[in-house]
Amino acid sequence: MAQARKPSRREVLTDGVKAAGVACLAGLSLTAYVESSRRAEARALPPPGALPHAAFLSACVRCGLCVRACPFDTLRLAELGDDAPLGTPFFIARETPCFMCADVPCARACPTGALDRDIPGIRKADMGVAVLVGHESCLNYKGITCSICHRVCPIRDEAITLEIQIIKGRRMVIPTVHSDQCTGCGTCEKHCVLGQAAIRVLPRELGLGGHGRNPAGRPA
Amino acid sequence: MRGFSLTADARREAVAAKGWLRAHRWWLLRRATQLAALGTFMAGPPLGLWIVRGNFASSEILGVVPLADPFIFLQSVVAGMRPSAIAALGAGLITGFYLLVGGRAYCGWICPVNIVTDTAHWLREKLGLTRDRKLDRRTRLWVMAAAGLASLLTGTIAWEFVNPVSILQRGLIFGLGAGWTIIAAVFLLDLLVTRRGWCGHLCPVGAFYGLIGRASITRVAAARRADCTNCGACFNVCTEPHVIVPALKGNGSTLILSGDCVNCGSCIDACPVDVFEMATRMRPREAPALPVE
Numbered sequence: 001m002a003q004a005r006k007p008s009r010r011e012v013l014t015d016g017v018k019a020a021g022v023a024c025l026a027g028l029s030l031t032a033y034v035e036s037s038r039r040a041e042a043r044a045l046p047p048p049g050a051l052p053h054a055a056f057l058s059a060c061v062r063c064g065l066c067v068r069a070c071p072f073d074t075l076r077l078a079e080l081g082d083d084a085p086l087g088t089p090f091f092i093a094r095e096t097p098c099f100m101c102a103d104v105p106c107a108r109a110c111p112t113g114a115l116d117r118d119i120p121g122i123r124k125a126d127m128g129v130a131v132l133v134g135h136e137s138c139l140n141y142k143g144i145t146c147s148i149c150h151r152v153c154p155i156r157d158e159a160i161t162l163e164i165q166i167i168k169g170r171r172m173v174i175p176t177v178h179s180d181q182c183t184g185c186g187t188c189e190k191h192c193v194l195g196q197a198a199i200r201v202l203p204r205e206l207g208l209g210g211h212g213r214n215p216a217g218r219p220a
Numbered sequence: 001m002r003g004f005s006l007t008a009d010a011r012r013e014a015v016a017a018k019g020w021l022r023a024h025r026w027w028l029l030r031r032a033t034q035l036a037a038l039g040t041f042m043a044g045p046p047l048g049l050w051i052v053r054g055n056f057a058s059s060e061i062l063g064v065v066p067l068a069d070p071f072i073f074l075q076s077v078v079a080g081m082r083p084s085a086i087a088a089l090g091a092g093l094i095t096g097f098y099l100l101v102g103g104r105a106y107c108g109w110i111c112p113v114n115i116v117t118d119t120a121h122w123l124r125e126k127l128g129l130t131r132d133r134k135l136d137r138r139t140r141l142w143v144m145a146a147a148g149l150a151s152l153l154t155g156t157i158a159w160e161f162v163n164p165v166s167i168l169q170r171g172l173i174f175g176l177g178a179g180w181t182i183i184a185a186v187f188l189l190d191l192l193v194t195r196r197g198w199c200g201h202l203c204p205v206g207a208f209y210g211l212i213g214r215a216s217i218t219r220v221a222a223a224r225r226a227d228c229t230n231c232g233a234c235f236n237v238c239t240e241p242h243v244i245v246p247a248l249k250g251n252g253s254t255l256i257l258s259g260d261c262v263n264c265g266s267c268i269d270a271c272p273v274d275v276f277e278m279a280t281r282m283r284p285r286e287a288p289a290l291p292v293e
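As they're listed, the protein sequences go chains R and X. At position 86 of the first sequence the residue is numbered 86 (the working numbering), and the sequence of numbers has no breaks. At position 243 of the second sequence the residue is numbered 243 (the working numbering), and the sequence of numbers has no breaks.
The hints are simulated quantities; they were obtained by calculation from the structure and are not laboratory data. Computed from a prediction, not measured in an experiment: that's the story for all the values here. Hints should not be assumed to be uniformly reliable.
As the list claims (entries may be wrong) - The list that follows gives simulated cross-link-like pairs (lysine-lysine, DSS-like), each with its CA atoms no further than 30 angstroms apart:
| hint | chain 1 | residue 1 | chain 2 | residue 2 |
| --- | --- | --- | --- | --- |
| 1 | R | K6 | X | K249 |
| 2 | R | K18 | X | K134 |
| 3 | R | K142 | R | K168 |
| 4 | R | K6 | X | K134 |
Use the sequences and the hints to build the structure in full.
What follows is the structure, encoded as structure tokens:
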């Protein structure tokens with residue numbers, strides 16, 4: 001039998017320092033890893049009714065009940081290597097957009113409050129905001145009235161309207177997103193006819209500008 | 001014949017004494033339970049059989065009964081989330097259940113990583129690998145504390161960013177992706193670096209259920225310890241051999257009372273003379289339990 005030996009003071013100290021070192025290193029890497037996945041991702045969109053990104057990660061237990069509740073298989077849980085934090089639900093608009101079920105079954109299925117079970121309706125959802133990012137590739141900007149994004153938009157003529165603009169002397173019909181109406185469902189991005197969508201849903205913090213410090217042009 | 005055999009060395013004497021089936025009874029039950037638990041979740045999408053939705057982190061039985069992992073729930077609370085009633089109820093139900101059946105029964109009877117690490121240990125034995133970087137088995141308590149601290153500091157459910165248990169069970173139910181690399185790392189750690197390294201020393205989920213297990217009701221008992229022949233089979237088969245000593249060799253209760261015990265029943269299987277049995281705190285059968293002090 002191995003005799004239980006009382007460790008010397010030196011052993012206790014060195015072991016303690018080693019353990020503390022390992023714990024610090026592990027804690028630091030875990031924190032850095034967690035922080036790195038806290039940034040808003042441009043591609044991976046959250047389900048409707050999701051808490052703001054930071055709070056979402058304190059609430060979502062990654063159980064997938066929202067994924068199971070989605071009748072269109074839009075949502076999935078992030079695997080290692082996906083854009084969203086590991087195990088959290090997300091969707092990629094260009095692949096499968098949100099079909100905007102009126103009763104928001106995914107949010108109602110959430111057991112923790114990471115998604116708002118009491119969301120009054122899908123029109124209140126904020127999955128992101130559509131932004132016409134490809135001004136040089138969008139067919140409407142080339143004078144062709146493609147306007148597919150406007151036609152497929154589930155909140156037609158409210159979230160995206162067609163506005164007549166004169167650009168370089170030519171009269172053009174430009175799809176214009178209204179961020180107060182757009183839910184970020186991604187139907188426009190899905191159906192953009194280009195190889196790479198010219199209109200994309202981005203998280204609001206990435207997709208919208210903000211008020212400047214200078215109140216120019218606005219009622220102060 | 002002492003030639004090559006698939007049977008774990010620690011169970012050979014029991015197989016000789018009781019036959020293969022009785023020497024693997026609890027093991028078979030355990031594997032069946034682990035596969036059934038995963039299977040009921042996995043049956044949903046392909047078969048349209050929705051007995052339960054979600055995964056081990058949180059689920060819903062028949063659309064009614066909520067279940068939630070209490071360790072994840074606690075991290076969420078530490079991270080600053082005001083718990084929903086459903087999550088609290090779910091976590092309470094799970095805690096109550098494991099208080100009944102044994103805290104780390106989760107590890108032995110539900111967790112799919114247990115199959116991975118048991119396999120690693122079996123292979124390690126068969127290949128004769130002996131390298132064992134000794135870790136303190138209390139390391140897992142420190143990892144658990146670190147996970148709590150990280151949750152507090154980052155305001156997220158921190159351990160879920162790396163938890164191999166979640167990666168595997170969620171991966172099997174929803175899609176694994178590159179998550180297999182983490183599982184492979186756990187397997188190789190147990191196979192090549194340290195004996196019973198993950199479940200026995202590092203996993204904070206097991207450490208957490210071990211805390212529940214200190215108070216839980218169902219326990220393995222060394223009921224007929226007078227019959228013990230000192231063959232050592234129970235120690236060799238056990239994932240946490242230190243838990244056996246007081247019950248088998250002590251003078252006190254015959255119940256294995258350590259929270260580290262996973263209630264796997266391997267000692268019951270492996271004992272050629274049937275010293276062990278499943279019992280409860282209330283009724284330790286045949287127990288000549290001497291009054292403490």
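For each hint, the structure was consulted:
no.: 1; hint: K6(R) x K249(X); result: holds (23 angstroms)
no.: 2; hint: K18(R) x K134(X); result: holds (14 angstroms)
no.: 3; hint: K142(R) x K168(R); result: holds (11 angstroms)
no.: 4; hint: K6(R) x K134(X); result: holds (17 angstroms)
Violation of the numbered hints given earlier is absent; every hint is satisfied by the structure.
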